[in-house]
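Chemist: Quick note, the sequences are listed as chains A and B, same order. Those letters in the first sequence? Residues 1 to 161, by this note's numbering. Those letters in the second sequence? Residues 162 to 263, by this note's numbering.
Honestly, the hints are just simulated from the structure, not real lab data. Quick caveat: nothing in here was measured; it's all calculated off a predicted structure. Be aware that one or more of the hints could be misleading.
List of simulated lysine to any residue pairs, SDA-like, C-alpha gap at most 25 Å [stated by the list, open to error]: (1) A:Lys85 to B:Met194; (2) A:Lys85 to A:Met1; (3) B:Lys250 to A:Met73; (4) A:Lys85 to B:Leu238; (5) A:Lys85 to B:His247.
Derived coverage of chain B by chain A (criterion: at least 3 residues anywhere in the stretch with Cβ under 8 Å from a Cβ of chain A; other residues may be distant) [what the hints assert, rightly or not]: (6) 197-208; (7) 223-236.
For every residue, glycine included, the Cβ atom is placed at its ideal position computed from N, Cα and C.
Each chain, letter by letter, is given below.
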Amino acid sequence: MEATLFYILAAVTLIGTLCAITARQAVRAIVYLVTSFFALALIFYLLGAPLIAAFEVIIYAGAIMVLFLFVIMMLELGSPEKLPKPRPSDWWPALLLVGAVVGSVVVLVADGQPAGLPGFVEISARQFAQTLFQQYGVAVEVISMQLLFALVGALYLGRRR
Amino acid sequence: MTVPLYHVLIVATLMFAMGLACVVAWRANVIMMLIGIEIMLNAVMLTFVGGSAHWGIADGQLFSLMLMALTSAEVSLALAMVVYLHRRKQTVDTDRFDSMKG
Chain A
1 MEATLFYILA
11 AVTLIGTLCA
21 ITARQAVRAI
31 VYLVTSFFAL
41 ALIFYLLGAP
51 LIAAFEVIIY
61 AGAIMVLFLF
71 VIMMLELGSP
81 EKLPKPRPSD
91 WWPALLLVGA
101 VVGSVVVLVA
111 DGQPAGLPGF
121 VEISARQFAQ
131 TLFQQYGVAV
141 EVISMQLLFA
151 LVGALYLGRR
161 R
Chain B
162 MTVPLYHVLI
172 VATLMFAMGL
182 ACVVAWRANV
192 IMMLIGIEIM
202 LNAVMLTFVG
212 GSAHWGIADG
222 QLFSLMLMAL
232 TSAEVSLALA
242 MVVYLHRRKQ
252 TVDTDRFDSM
262 KG
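Chain A with its partners taken away, still in its complex shape (with noise of 0.2 Å):
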């Protein structure tokens, strides 16, 4: 059962990231991506990590991809000819990493099956904010340090002048 709803997400997380890759507009190519985010949070929490999970939903299909989706309206980008679009020939880099990672991934598959692995453990939310705090508490210094650089930066690069 869970197996089954892991390939299916799995799917709609892959066929949206690659609609969000050939989109002709951005804002199609945002929605898209908010879809694959949302199916890959329902993996995260498959996977036992409700947490990462609900901050994917939060931050990423909530904040970042809004964020996103501002400054296209912002900077009028919405209508399809005012974006540039890659011409035809600059698709073929990319199709051959593509197919050279794809090719990689089937010559795995085709060499053999590693046995069966035990199932998922889950990680409680204690556990999470117990290993957070307790052991990587000068990490989430730097990381508030991070943001608030960010943030001045930000301010920095908007301000009126």
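Assemble the complex: chain A is given as a structure, and chain B must be docked to it using the hints.
Modeler: Positioned in the frame of chain A, the structure of chain B alone reads:
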């Protein structure tokens, strides 16, 4: 759940490849390049969470949380820079941003 880690890694690999293709193919458009970077970072987060679930320790999830903080900082700065560049040249075409002196 009985999905092997191996399949999670394959999904993450394909997603990363698609993000890379987005950055390479849309290299004339700053916003789509940023979207490609987002896709790649999400693939990395999937790898971290899968590893964390496989070995049963919380560190992978913590790193994906830090990756989210990193991404939000990166996106806010990068989009502020896109707005700034658009104010200067009225375009997001990377080919137009070819001079160091503004």
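Chemist: Closer than 8 Å Cβ to Cβ for three or more residues is the test here. Does the stretch 223-236 of chain B pass it with chain A?
Modeler: holds (count 12)
Chemist: Between A:Lys85 and B:Leu238, is the straight-line Cα distance small enough, at 25 Å or below?
Modeler: Distance of about 24 Å is within 25 Å: holds.
Chemist: Does B:His247 sit within 25 Å of A:Lys85, going by the straight-line distance between their CA atoms?
Modeler: Since the Cα atoms of A:Lys85 and B:His247 sit roughly 17 Å apart, the hinted pair holds (cutoff 25 Å).
Chemist: Just to be careful, I want the Cα atoms of B:Lys250 and A:Met73 compared with a cutoff of 25 Å; is the pair within it?
Modeler: Status holds; Cα separation ~17 Å.
Chemist: Please work out if A:Lys85 and B:Met194 have their alpha carbons no farther apart than 25 Å.
Modeler: Distance of about 12 Å is within 25 Å: holds.
Chemist: Taking a Cβ-Cβ distance under 8 Å as contact, does the stretch 197-208 of chain B have three or more residues in contact with chain A?
Modeler: holds (count 6)
Chemist: Verify the proposed pairing of A:Lys85 with A:Met1, using a straight-line Cα cut of 25 Å.
Modeler: Violated, at roughly 42 Å.
Hint check: a violation occurs at hint 2 only; the rest are consistent with the structure.
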